[in-house]
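These protein sequence lines are chains A and B, in that order. According to the working numbering, the residues represented by the first sequence are 1 to 374, in order. According to the working numbering, the residues represented by the second sequence are 1 to 127, in order.
FYI, nobody ran anything at the bench for these hints, they're computed from the structure. All figures in this text were calculated on a predicted structure; none of them were measured in a lab. Heads up, the beta-carbon is just placed ideally off N, CA and C, and yes, glycines get one too. Hints may contain errors.
Far from chain A, by Cβ distances over 10 Å, these chain B residues were calculated [stated by the list, open to error]:
#1 G40
#2 V43
#3 G57
#4 N95
#5 T110
#6 L117
#7 T126
Here are the simulated distance ranges between beta carbons [stated by the list, open to error]:
#8 A:Q26 with B:E82: 56 to 66 Å
#9 A:E211 with B:D52: 50 to 60 Å
#10 B:T96 with A:G130: 51 to 61 Å
Residues per chain are reported as follows:
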Amino acid sequence: MTTLRSPLHDEHVALDATLVDFAGWQMPVRYSGDIAEHQAVRTGAGLFDLSHMGELSVRGAGAADFLDFALAGRVSAVKLWGAKYTMLCNEAGGVIDDLVIYRRDWDHFFIVANASNKDRVVTELRDRIGAYEATVEDVSAEIALIAVQGPLSAQITGAMCELGEDDIAAMKYYSGANVLLEGGIHAFVARTGYTGEDGFELFVGADEAREVWQLALKYGTPLGMIPAGLSSRDSLRLEAGMPLYGQELDESTTPFEAGLGRIIAFGTEANPRGDFMGREALAKVKESGVAKQLVGLVGEGRRSARTGYAVTDEAGNQVGVVTSGVPSPTLGQPIAMAYVPVSMAEPGTVVGIDVRGRREEMTVTALPFYKREK
Amino acid sequence: MANIPAELKYSAEHEWVDGDPAVGAVVTVGITAHAADALGDIVYAEPPAVGDTVTAGEVCGELESTKAVSELYSPVTGKVTETNEALEAAPESINTDAYGAGWIFKVELTAAPQDLLTPEAYSALTA
Chain A
1 MTTLRSPLHD EHVALDATLV DFAGWQMPVR YSGDIAEHQA VRTGAGLFDL
51 SHMGELSVRG AGAADFLDFA LAGRVSAVKL WGAKYTMLCN EAGGVIDDLV
101 IYRRDWDHFF IVANASNKDR VVTELRDRIG AYEATVEDVS AEIALIAVQG
151 PLSAQITGAM CELGEDDIAA MKYYSGANVL LEGGIHAFVA RTGYTGEDGF
201 ELFVGADEAR EVWQLALKYG TPLGMIPAGL SSRDSLRLEA GMPLYGQELD
251 ESTTPFEAGL GRIIAFGTEA NPRGDFMGRE ALAKVKESGV AKQLVGLVGE
301 GRRSARTGYA VTDEAGNQVG VVTSGVPSPT LGQPIAMAYV PVSMAEPGTV
351 VGIDVRGRRE EMTVTALPFY KREK
Chain B
1 MANIPAELKY SAEHEWVDGD PAVGAVVTVG ITAHAADALG DIVYAEPPAV
51 GDTVTAGEVC GELESTKAVS ELYSPVTGKV TETNEALEAA PESINTDAYG
101 AGWIFKVELT AAPQDLLTPE AYSALTA
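Pulled out of the complex, with its shape left as it was, chain B reads as follows (with noise of 0.2 Å):
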């Protein structure tokens, strides 16, 4: 029932991670369809800053919805490349497509990840 794409992995925090989680690597992070719903219509995303270091665990941004306020945590170690500037003007591709449009950032990987999950570890998370 629940999208959990099989090729991605998860953070406990409800993050996915797309890309070769090794040191000097590139990842995509986004928040899981099942975070997205949750929050109900997101409406401003706050990404860390380009040049950010952002640290496994920890808040590096917000996400706000009509409902609530949802801090964003990183799944992963190192420092941000890219942050999706289509999230600006158009917030709701979270919601809508929360594996694809609604990425959020992309971090170069500066030790490998610990934690996370596999889909059926991530799936087992929210059933």
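One chain only, chain A, in its complex shape (with noise of 0.2 Å):
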């Protein structure tokens, strides 16, 4: 398989990025360091190169009806330039992804996927379409996406704008607009991210996206923004206490199990809410309860589980697994989730975690490990 460049490829090599495969996509890691990048975020400002994430567009008189059938949130809801984040389950519950879903006019609805899982989205949805008057359209390799993540960030995305600034001043978490960037530079721009900070994402033409980054960097540079990698988007994500796909979230676990159930819209007597894909399944674990259960985990050691560590009992059988774990930078301490038995998933209670050989202890803590003072 080829491995595909973002449009701001040539940028990340001359700021001397360390690039990786991430899913088919060669991706910058770091710039700087993680925890300088990862610490820029969370007291100034931080600027991602997103454009791996897949972008689809939905549109058509039966847009919101056909994605109220085909995703776990009821989509109809959604106001106009307002954000939803939604799942696409398989009908046994399980989750094919998690999305983000802007409205940008009443038939027109903007999502953003997983880079691996993109694909498989695009012929989902198409394959569950019917006789719904919408239409699906892959917009991935004609957009890229930047994000400016921080505190700092609506001062810095507000300077770029030509036209829009008193918009982005204005915007609501999870609400976008459309805005005209200087140099008359379109974009649609959502205050919306995956750090736990207070933040934009600026979704532009692929040609036009070593503009927008050259922008970014001149506002927010005098003010400290640096460009920040995946390494430290990982650290801000789990912090946040945000799952990820392939690791949190995956077919064979339900939202339920995520801690996620109130993605899940049922309806109720007074607003009912037809069938959607996956629905009957979702009914009768909401019903039944779960089994395992996604917990957040903290060290007071110096060594973190990672990815697919074995959660131990007191006699050291397994019990549960690690999804994602990493030092926080914030805390100073190893976090992790993990899945674990429901009878285990009261915070305060003390799990073993086989680190490479060793067993550490960590305890079980609601999520999320880091919130940002509003």
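Using the supplied hints, reconstruct the complex from the two chains, each of which is provided in its own coordinate frame.
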């Protein structure tokens, strides 16, 4: 398989970034250093190239009804310019992908999918169209995604605008707007992200990506913003307790087990919702409860649990598995997420982790590990 | 471009060795700048314990960065005489000064090293 390159590839090379293969793309894992990039986002701002993410356009008079059927959330209830975190589930209720969906017009939804799942999402959605009057278009190749994340992101993103600076300032979390960036560049900008900080995601034409990246640097650099890679993105999202597809989420896991049952809209008597893919299976899980549950873990030692490590009981038997783990730059302690039996999911429970052959103890803690001050 | 001091010897697992590689001599061991860069910010170093016997090419400790964990291999065979205790508080020295303050442990050699690389050979390996 050929490795895909971001439209910002030359910028990354010029910045001497460390590039890695990620979901079929060659992407920057770090520029200056993981911890410096992480801290910049927590305290100032970081600039991310997320052009590997998949983008789909769903249009048509029946687009809202179609997505109500195809996805776990009630998409039709999203206001114009609003955003929603939702999931594409299979018939058994397992997660095919987690998505952010933006309503850009009454009959136009813009969907951001994980790079590794994008082709699958396109196929699944098209398979579900049936009689709905809707089309699914893969626009990933023509769109670049650049994110400005951190407490200074509103100031920087606003400064990049020729028209729309006021809209940036007034924008609520999980909504978006069309703006005109300096130089007459059209962008769809949303106040969303994957870092646990305030932040903006700028969807621009791939052929204008370098100009937008340079524009962000022009206004961000004097404020201390630095480019940030996928390594810091991972430690930031983990501190914020956000799941990563392929680690916390997969096709054999339902949103309930991941602690995200709230994203499934079953409807109420007053406001009923029609059938949607996975409904029957998910309703059963809701009724019967789950056997395993995603929890946060904090360790007092120095050695971090990592993806795939065994969670053990007092006798040393494996009872669960670590899905993600990192030495938290903000907390200065190892943090992790893991699936454990419900009986061990209560905060305060001490579990064992087989960290490379040696038992380390970690304590179950409520997610997220880090929450920004509003 | 790469930082590979000419006065050191190297292993294929990206350690450097400083000192006379003769039986009975004490050499200093660390990881190369290339390896430190690849690991990212090192937040925890676990060297072998003083008194441990280490064997060339075998795992003797671990290095942990935000991104990953890497096993630390010994490039030489012998007995550990000293470890860099400053790494406990400042593991980032391995990133900032891989060949100086970032040294990891010292070994009294019980066997002459067999497979150490010259700076040129190590440079070719990482090119």
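Checked hints:
The Cβ of G40 (chain B) sits about 5 Å from the closest Cβ of chain A, inside the 10 Å cut-off, so the non-interface label is violated. Non-interface call for V43 (chain B) relative to chain A: violated, since the shortest CB-CB distance, roughly 5 Å, does not exceed 10 Å. Against the 10 Å criterion, G57 (chain B) stays outside the reach of chain A, whose nearest CB is about 19 Å from its own CB. Interface exclusion of N95 (chain B) from chain A breaks down, the closest Cβ pair being 7 Å apart, not more than 10 Å.
At the 10 Å boundary, the C-beta of T110 (chain B) stays outside the reach of chain A, the nearest C-beta of that chain being 26 Å off. Every CB of chain A is more than 10 Å from the CB of L117 (chain B) (nearest about 23 Å), matching its label as outside the interface. Listed as a non-interface residue, T126 (chain B) keeps its Cβ farther than 10 Å from every Cβ of chain A; the least gap is roughly 14 Å. Under the hint 56 to 66 Å, the C-beta atoms of Q26 (chain A) and E82 (chain B), about 42 Å apart, miss the expected range.
Taking the beta carbon of each, E211 (chain A) and D52 (chain B) are about 56 Å apart, inside 50 to 60 Å as hinted. For T96 (chain B) and G130 (chain A), the hinted distance range of 51 to 61 Å is satisfied, since their beta carbons lie about 59 Å from each other.
Against the hints set out earlier in the document, violations occur for numbers 1, 2, 4 and 8.
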